[in-house]
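*Asks:* Sequence:
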Amino acid sequence: MRTTRLIPMMGVMLVPTQYATYDSDKTGATDFDVVVIGARCAGAATAMLLAARGHDVLVVDRAEFPSDTLSTHAISRGGIVALDRWGLLDEVISSGAPQIRKVSFHPPEGEPTHRVVKDHAGVDFVLAPRRYVLDEIVLDGARRAGASIDTGVSATGVMRDDDGRVGGVHLRDRRGNERAIRSRFVVGADGVRSRIARSVGARIIDQRPAEGATYYTYASGLAIEGAELHPGTRGSAGVIETHNGESNVWVCVPADRALSPTESRGAAFLGLLAEVAPALAARVHDAEITAPVRGALRLPNHVVEAAGPGWALAGDAAYHRDPVTGHGITDAFRDAELLATHLGAVLRGETSEAAGMACYSNERLRALRPIFELTCKLAEYPPLDEFLALHRELSLLIELEAEWFVSRPPIPRRDCVTA
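Just so we're aligned, residue 1 is where the sequence shown starts under my numbering, counting upward by one.
Hints in this document: simulated from the structure, not taken from any laboratory.
One or more hints might be untrue.
Below, in silico cross-link-like pairs of lysine-lysine (DSSO-like), each with a Cα-Cα straight-line distance of 30 Å or less [as the list claims (entries may be wrong)]:
#1 Lys102 <-> Lys118
#2 Lys118 <-> Lys377
#3 Lys377 <-> Lys102
Using the sequences and the accompanying hints, generate a full structural model.
*Replies:* Laid out in structure tokens, this is it:
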């Protein structure tokens, strides 16, 4: 059992997750129904939903929590519905994440337009929490549901049976100690560079050009209420409220406009922001920048094979798209819902593994395809009229996605499943 300590981060006091212990035999091997590699949005949510269904789940991550990660921030309407379904929404709001009820569009010329987030699927706001807050809340939800949690531990590869089926993982802690964990199933939710995906040989089944660059930082003292989108020539920028009175300021551009590695990152970011959204850049220049600039270049636009014998992938490990639509967190939540439903049915013997995982793979593809296609179009930065039309289409797709989350069956409680 790890010792609990209070960690102050950017004005928020968080208590790390209480890590569950688990018994191992003399060889260091342990049996679980499912081992989930990756304890952030996709992995923690999948572990939570499977544990709530009564399954014995271990979730591991090489990071310690709470900790930050490179991420878009916005949780769209469907993601808000998911948090509410899981009983976590009030915790996220109570953490200090502002409820964003207004969105404004600032074209390069002319006056901005302001919109109120309309009530749809029972939701009339969105959120943009810091990841060190959100991930800790979802991971703690997994712990409360009954999942075991082990952090500061890396997966080095998968174990296979004589017939080639995945039957567990090899783990290594930071001291170099290694152990084997047997499981009926392994879930890779370990991000876009997933070691589990590589270990199982998951194929890329759809790949598009990856020619984007994204950068962001945080600022305080900005006069903003909600979220702003600033489309520009061959680029897009924006700002959205997050924790601690700060705003997340971002800019997305084609890769040929990427920041030079030899430049001062802060000054270069403000220069690029001024090229894309000069009015926003002037406001950010006068505000207080509270964090270093973070960013990524040529992140993949691809869809990966989602499941195979004894394994499945979720979140960025299974599907990644350009950050321009800011949809990664909601994608992760959707995968968790689908995987927990179909894998849970497999583990309970209600369907065969082949049928259950085929259902997961097919439903996931149908769900992700529309926003994937639209994201690829937006990442080409078409003329302004087309860019804004695509954003209107995105809003409609997000509403349909929220309705899908609402239509999901209730999540069974562990005590009901095991009674």
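*Asks:* Which hints from the list above does the structure break, by number from lowest to highest?
*Replies:* none
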